[in-house]
Every structure is written in C-alpha cells, then in structure tokens.
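One letter stands for each residue in the lines below.
There are 2 protein chains.
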Amino acid sequence: MNETTVQQSLHQALDSEQLELVRNLLQELHPSEIADILESMPGKARETLWDLIDPERTGDVLSHAQDAVRAGLLELMRPHEVANATRGLDTDDAADILQDLPEDVVDSVLLSMDSQNRERLASILSYAEDTAGGLMNTDVVPVRSDVSLDVVARYLRKLGDLPQQTDSLMVVDRDNRYMGLLPLASILIKKPEITVGEVMKADDGIAALTTAHDVAKLFEQRDLISAAVVDENGGLLGRITIDDVVDVIQDEAGQAVLSMAGLGEDDMFGPVLASARRRTVWLGINLLTALLASWVIGRFEDTIKQLVALAVLMPIVASMGGIAGNQTLTLSIRGLALGHLSKANARSLMIKEGAIGVLNGLLWACVVSVIAVIWFKDPALGVIIGLAMAINLIIAALSGALIPVTLKQLGIDPAIAGGVVLTTVTDVVGFMTFLGLATLFLVPD
Amino acid sequence: MNETTVQQSLHQALDSEQLELVRNLLQELHPSEIADILESMPGKARETLWDLIDPERTGDVLSHAQDAVRAGLLELMRPHEVANATRGLDTDDAADILQDLPEDVVDSVLLSMDSQNRERLASILSYAEDTAGGLMNTDVVPVRSDVSLDVVARYLRKLGDLPQQTDSLMVVDRDNRYMGLLPLASILIKKPEITVGEVMKADDGIAALTTAHDVAKLFEQRDLISAAVVDENGGLLGRITIDDVVDVIQDEAGQAVLSMAGLGEDDMFGPVLASARRRTVWLGINLLTALLASWVIGRFEDTIKQLVALAVLMPIVASMGGIAGNQTLTLSIRGLALGHLSKANARSLMIKEGAIGVLNGLLWACVVSVIAVIWFKDPALGVIIGLAMAINLIIAALSGALIPVTLKQLGIDPAIAGGVVLTTVTDVVGFMTFLGLATLFLVPD
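Chain order of the listed sequences is F and U. Residues 1 to 445 (my numbering) are what the first sequence spells out, left to right. Residues 1 to 445 (my numbering) are what the second sequence spells out, left to right.
Here chain F stands alone, though its shape is the one from the complex (with noise of 0.2 angstroms):
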C-alpha cells in the first residue's frame, strides 16, 4: 500500500503540469482515494484534476465524495456527463448523486436510463435522503420459502453473479413479504434437503421510513453487515449494506463537530463567498450575546470607575464558567445523541454535575482569590471574586445539564444552539454577580 508515494506523485506532476503523467498515476488510486484527494484540494486546482479523471470513474468517485465536495463537482457537469457516471454504479450510490441534483436534471438523467435501472433509482428517490428508504439499495436476491437449500443453490450457480456485500439472501413469501435472512453460510453448511424456511434467521426487517439515525443504532447494536428495507405492508423494497450505514455514522459524528462551531458545511476549500455568508450569520447570533453581556457590565460603570481592578478581573470569572459548563454542556449533548441522556435521568445528571460545580468551584474560587489578593492587595476584592466564581460555576454546571435537555424539548438541536445559550448565561452571571457583588460591598455609595 504506497499510496502517500502515489499521491506524493500525483501533486508534483499536477505542479510541473504533466498531465499525462498524471492520468496515469490516477488509475492506481482508488476511487475514494481520489475523492480525498480532491477534497484536499482549493478550487482552481481541484477542477484541473476532475477534467483529468477517467470519465468511466467518475461515479465512483462521486459516491465516495462529501456532500459539498459533490455538490460542487456536479455543477461542472452536463447532465448526460452525470446519466454516464450513475450508470455503472449501485443504485443506492446513484440516487445519492441525484438527490443533489435539480430536479429537471434528475429527470434527463432519468430519461437517459434503460427502464429497470429507471423504476429502481425512483423507487429510491421517491424516499428523503436520511431515511433507511433513501439508503437501501435495490439490488435484492429474493428467495422463496419453501424451496430446498439445493435449488437455492443451483439457482447461484445459475445467477452467476451476486450484488457486492451480499452476505445473505432474503427470504419472501408468494406475495414478496419479507419472511427473513438466508445467509450465505448456511447454504453452505447445511444439509442441501432442509427447506429455505427451516434454516432462514426470521427478521421483520426495517420500515422504510426508518430515519438513518435509527438505521446507525439497529446495526450497531445488532452487528449486522446488510438488513433488509420494508414497505408498510411487509414487502420487500431493498436492502441497507454497512458501507452505508457508515458513511451515516462518519456523517453524523462530522456534523455535531460542525453544527458546534456554527458551520453548516463540510468542505474544507469551498467557494470563499458562501462560506463567509454562512458563517457570518453565527457572528451576528453571537454579537447578541456578547452585547448582552456588555450591557450588563454598562449597568456598573459607576463601580468600575471607582475599582478599575474589576473590569481587569472579571473576564476570569466569565470565561472560567464558560470553559466549565461547556464541559457538563459537551457531555450532555452526547449523552443525547447517544440515547443515554432523556427526561428520566436528566435529574440525576444534574445532581452527578451540580456537584462537580460545588467541588470545582471551590477550589477556583480559592486560587483566583488568592491571586487576586496578591496583584491587588485588597482582601475584600478577593473574597468577592472567590464568591462570584463559586457561584457562576455551580450555575454553569447545572446548566449545561439542564439547557440541552430543554432545547431538545423544545425541538432545537441542541448541538447548534446549546453553545451559544451557555455563554449567555455564564457571561451574564459571571459579570453580574461579580460585578453586583463589587457594587454592593466593595464600592461606597
């Protein structure tokens, strides 16, 4: 596996322009390396190397691609460009590429189809991107029931062929509701007079309308390398394979980080314009806070003038609430996401983390006093700042316990919004009873 050399290669000839050169070292990749590739890649140089790519292997690497990295790939190309990449390719990854796509190219691109690939790319598209539907692949090998192991057999060896990650076959009744998985192993293993039937593992599959996320769970928790997709009724529509399932999980995991950080995309080089228009947004929720936050500290202007020592002291008091309930805030989010966190324990985390508050804020509250009696020579300043500080990382424990629990409640994603909310409360608490305190035992009137 030389694969740095190759891609060391491939940036040099790119640099000297041996386009050639480059054509070549690009058939020893492998499509997904490829993707990475172009991902890693800024604009300009990127759509040099996609007119180089073998257009046989386009789909390929399309399907191995981010959704922005495609999505900008897609606008470069004609719509039978994109009908010819599709074509070779399963058609759970083409409806993939097509979701991304407007609707009237999806159709010439339809169109440009023979009529089974057509009936099942639409079968797929007619489900959202993030449900078990909208995943599943229809290349499905039916068996029936009530057939003996042998002719399931003999029928392989007629086949001659089976779909890629296909570790069992599925099993239907007369009216092609699913029954359950035949696993390959078993055709091998048993004895070849024992019925379908007898030896399948029974399953009721997923319902199509499974959210991905759920799809993520049942193969985790289950272990399982391919499940079969249902309709309401029972019948068999297709079958979700791992692959998938973990591009779901890398998707997911990816996009908490992100959605963290007020950032919607996921493309390292996308175009410059949109990124700032995207992020800029986030700017402005947050000026808010911040705003609020020197509104609060404009209520004791007064008191500063007279300590100036305050306004030196108390970006410390905000800013360690904030790293401390982003902590219990970060726990939590994951303990949702991971299904561990709900309404029932929310209680018990909110005692488990009040107390780590507790412990930690008394022990802050100490060092900082102790520091700021030593830079000011005041005592009285430092037990006001020893005080605020308790108080500001007991409260924001509790409530980075407690404000995911409430915005899931309230239907917003915690993951987006629970950064932004935290800060609001420990930037105003922090300042505010600093700040009051000061104001109230420190200052004469």
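Fair warning: there could be bad hints in the mix.
Below are the EDC-like pairs computed for lysine to aspartate or glutamate, each with C-alpha atoms no more than 20 angstroms apart in a straight line [as the list claims (entries may be wrong)]:
1) K201(U) with D161(F)
2) K217(U) with E28(F)
3) K217(U) with D223(F)
4) K305(U) with D378(F)
5) K377(F) with E301(U)
6) K158(F) with E193(U)
7) K343(F) with D15(U)
8) K305(F) with D378(U)
9) K217(U) with D251(U)
10) K377(U) with E301(F)
11) K201(U) with E220(U)
12) K190(F) with D161(U)
13) K158(U) with E193(F)
14) K217(F) with D60(U)
15) K191(U) with D150(F)
16) K377(F) with D302(U)
17) K201(F) with E220(F)
18) K217(F) with D223(U)
19) K44(U) with D67(U)
20) K217(F) with E220(U)
21) K305(F) with E301(U)
22) K217(U) with D67(F)
23) K217(F) with E252(U)
24) K343(F) with D413(F)
Stretch by stretch, here's where chain F covers chain U in the computed footprint (C-beta under 8 angstroms, at least three residues) [said to hold, decoys possible]:
25) 157-170
26) 321-331
27) 340-346
What the hints contain is simulated information worked out from the structure, not anything from laboratory work. These numbers were taken from a predicted model, which means no experiment stands behind them. Here a beta-carbon is modelled for each residue, glycine too, at the ideal position from N, C-alpha and C.
Chain F is fixed; fit chain U onto it per the hints.
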C-alpha cells in the same frame, strides 16, 4: 421492535423493586440495549441492575459497553466471574475486556481457560488495543489455494458452523502465509472444479501494527466487511470484522468532541471525584489563559479609568474573535483528522480563511462601530472598536488555520490543545488592539 416499551417497563419495575420482573424483562433485551440502559443510569441504580443480569449474558453486555462504563462494572467482578463471562465471546471481544483489567487478574482469567482459547487470547493481548492486532479476531477459517472449490464446500459442510460475520475465507499457502480472500459467494456461484487460487481476490492483508485509525480508513475507503491481519512475514494472524471498525469510528468521533472540551472520560455517570479531578486540570490550564488576558487589561488600567466605556465594550472584541477563530479551528482540526489537511495545502487554507476573515471582519467592524457610536455618542470610539474588531477577526482566522497544523507538527493533539491556544490569541490580540488603540488615540496623556 418494541424496545422503548420494554425499557419503560424495566425502569418502572426497577423503581418499584419488582426484581423478578426486571430479570424477565432483561431477557427480552439485546445485550447492546442492556449496555445502553446501564450507561444511562447513575452509580447505585447501575450496580443494582448489573446484579440482576443473567451471568451467562454479562460477557455480551460488557463487550457492548463503552470503555469507562465497562471499567466500572469490571471492578464489581471477581476474576473467576470475568473468566466465566468471557468464555462464550469472540476472542477479540474477550481481549477487549481483558485489556481493561490489571495484569494479575488477566493472568488468573487466562489460567481458568482451556489452552486453545488461552493461546488465541494471548496472541491478541500481545498487541496494543488500538492496533490491527488488538482489534483482530483469531477465529479465521483458512483454506489452501491449491484445492478445488468442491473440496472447500465439503470441508465447510463437515465443519458445520462458521464464525459470525464470515463473508470470506482466508486463503493461505503451505507456510500459512496469507494470499487473499475467498468470498463465500464465489464458492456458491463458480464451477466446483475450479481451484481456490483461481477465484480468490489476491490481497496483502493489514499489518498487525497498523493503527486502528488507519484500519478504519481502509475499511471505509474499500467498503470492506472483513480483512486479514498478517505479521511482518505475511503470516495469517486473524481477521478484523466491520463491527469492530464501526466501534473504532464511533469512539474516535466521540473522543474528538470530548477532548475539545477537556473531557477524557465518556461515562455520563462516572464517579464524581474522578470526573471533578480530570476536569479541574482543564480549568487550571484555562485559568492561565484568562490570567494572561487580565494581565493585558491590567496594562491599560489608567486608560479604562478615564474611559469606562472601554471596559464595557472590550468583551465584544475578544469574544467575536474567539467565535470566528473557532470556526476556522474546527474546520482545520477536522481536515487534519480526515487527512485532507497537511503542510502541503495549509497555505491555501490560510489564504481562503484569511479572505473570509477580511470579509466578515469588515462587515462586523462596521456593525459594531455603529452600535458603539449610538450607545456612547463617541464617533472616535466607534472607529477604534471597528478597527480592533477587524484586526482581531483576521488574526483569528489565520490563527485558526495555523494553530492545528503547528500543534500537530509539535506532536500535540490539536483537538485537545487547539481551543486553549486559540482563545489565548484572540483574547490577547482583542484586548491589546482595542485598549492599545484607545490609549494612543482616545485618551489624553
């Protein structure tokens, strides 16, 4: 799939202490579901439920639990109980569990096993947990390349059973050196008289010392279900199956989110003292950052005394820089993790992010300027804060791109340290430019 109802009944039965009912309900749940329920329970309730689980299923439940939770449960067990629990498991799952135990316990567990299992386990345990060797399972079914498919089919029928998730057999030569994969599908569809060597997919296998991260990447890129693990001489050691790889992907994704918040553990209900201790280190590090920022503010005490509006507005400059920088930082850390960002294209990323920084910097500088002028009726103050804001947002974008790459070169995990370093930069630059410019242009000496 009526899991939720079963889970609700379980919680009710636990609350009303109907222990026999709990035992019965547990039998209806999949081990992975039981693991999920355990993870969502605080300490004492967790121990109560654990004691009610059928001892024959504890091994399966343990193998589905997260590391931190598993470690807690293992502490409740005696060595012979652990040995019993691991008996029915796949060797890789058993190894996973043993890797969490102190050496003397591992030794007594190994001693209580039969010699074949002991040798297999010992071979996995000799590799680090996060390598291909540590992930592998030793239950491979090897076949020789010079026999016919018919012979393989008869051998399998005699064997009568195949390990779970077997989609391929491993082809070896006379010296047990790995040659390639024989998909079960090939045995079924190809002519019986053909030899294994003619239909196998030639393959090098994965070296035992390959990191888990690289293994996951290979599986994802190649859409693999299982792969052979080989020693330095190409000898077949075992195989890795996709379910273990899914666990790696899940763990890595979770770890990235957790380490950004300075959380090492992944147990929502871990012991309070241990959690508090781990998090307090993070708070300490962040206190140093906050103190540095305060020290910068302290340099400008006189300026603030003369114009308290500066103290009111300064958090806005720092916090907007932090938010903007964090967007770039998140993108870069993710790019590094996915292998899309390296020294080669770091410059391109800095140019792109710098451009976004300039655009958003100018936009929000104008907005904040206007707000400051309206609020404090001081046009000069508006110009100063706008200028400071633009500078900080541009520097934040450049730092967000540069810091992760630099940290990685220094051998420091950017996911852990990136945020602290960035906040230090945006705080210091934000306070310094805003208060510095104000000292130069606004306040009379």
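Results for each hint:
For a cut-off of 20 angstroms, the pair hint linking K201(U) to D161(F) stands: about 15 angstroms separates their Cα positions. For the hint pairing K217(U) with E28(F), the CA-to-CA distance comes to about 18 angstroms; that is within 20 angstroms, so the pair holds. Straight-line distance between C-alpha atoms of K217(U) and D223(F) comes to about 19 angstroms, which keeps the hinted pair within the 20 angstroms bound. Taking the CA atoms of K305(U) and D378(F), the gap is about 18 angstroms. The hint holds against a cut of 20 angstroms.
Between K377(F) and E301(U) the alpha-carbon distance is near 16 angstroms, which keeps this suggested pair within the 20 angstroms criterion. Pair hint K158(F) plus E193(U) holds up; C-alpha atoms about 16 angstroms apart against a cutoff of 20 angstroms. With a C-alpha separation of about 16 angstroms, the suggested pairing of K343(F) with D15(U) holds against the 20 angstroms cut-off. Simply put, K305(F) and D378(U) have alpha-carbon atoms about 18 angstroms apart, close enough for the 20 angstroms limit, and the pair holds.
Restraint check for K217(U) and D251(U): satisfied, since their Cα atoms lie roughly 14 angstroms apart, inside the 20 angstroms limit. A C-alpha spacing of about 16 angstroms is found between K377(U) and E301(F), which places the hinted pair at or below 20 angstroms, so the restraint holds. Distance hint between K201(U) and E220(U) is fulfilled; the C-alpha atoms sit about 18 angstroms from each other, no more than 20 angstroms. A hinted pair counts as satisfied when its Cα atoms are at most 20 angstroms apart, and K190(F) with D161(U) qualifies at roughly 9 angstroms.
A distance of roughly 16 angstroms separates the Cα atoms of K158(U) and E193(F); the hinted pair therefore holds under the 20 angstroms criterion. Distance hint between K217(F) and D60(U) is fulfilled; the C-alpha atoms sit about 17 angstroms from each other, no more than 20 angstroms. A hinted pair counts as satisfied when its Cα atoms are at most 20 angstroms apart, and K191(U) with D150(F) qualifies at roughly 15 angstroms. At most 20 angstroms may separate the alpha-carbon atoms for a hinted pair to count; K377(F) and D302(U) meet this at roughly 18 angstroms.
Among the hinted pairs, K201(F) with E220(F) is consistent with the structure: their alpha-carbon atoms are about 18 angstroms apart, no more than 20 angstroms. The hinted pair formed by K217(F) and D223(U) meets the criterion: a straight-line CA distance of about 19 angstroms does not exceed 20 angstroms. For the hint linking K44(U) to D67(U), the alpha-carbon distance of about 19 angstroms falls within 20 angstroms, and the restraint holds. Taken as a hint, the K217(F) and E220(U) pair is honoured in the structure, with Cα atoms around 18 angstroms apart against an allowance of 20 angstroms.
With a C-alpha separation of about 10 angstroms, the suggested pair K305(F) and E301(U) falls inside the 20 angstroms cut-off, and the hint holds. A threshold of 20 angstroms between alpha carbons decides the hint, and for K217(U) with D67(F) the separation of about 18 angstroms falls inside it, so the pair holds. Under the criterion of a C-alpha separation no larger than 20 angstroms, the hint pairing K217(F) with E252(U) is consistent with the structure, at around 16 angstroms. Proximity of K343(F) to D413(F) is assessed by CA-CA distance (about 16 angstroms); at most 20 angstroms being required, the pair is judged to hold.
As drawn, the region 157-170 of chain U meets chain F at 9 residues by the rule of a beta-carbon pair under 8 angstroms; at three or more, the given contact holds. Counting residues of the region 321-331 of chain U whose CB lies closer than 8 angstroms to any CB of chain F gives 7, which reaches the minimum of 3, so the coverage claim holds. Requiring three or more residues with a Cβ within less than 8 angstroms of a Cβ of chain F, the coverage given for the region 340-346 of chain U holds, as 5 such residues are present.
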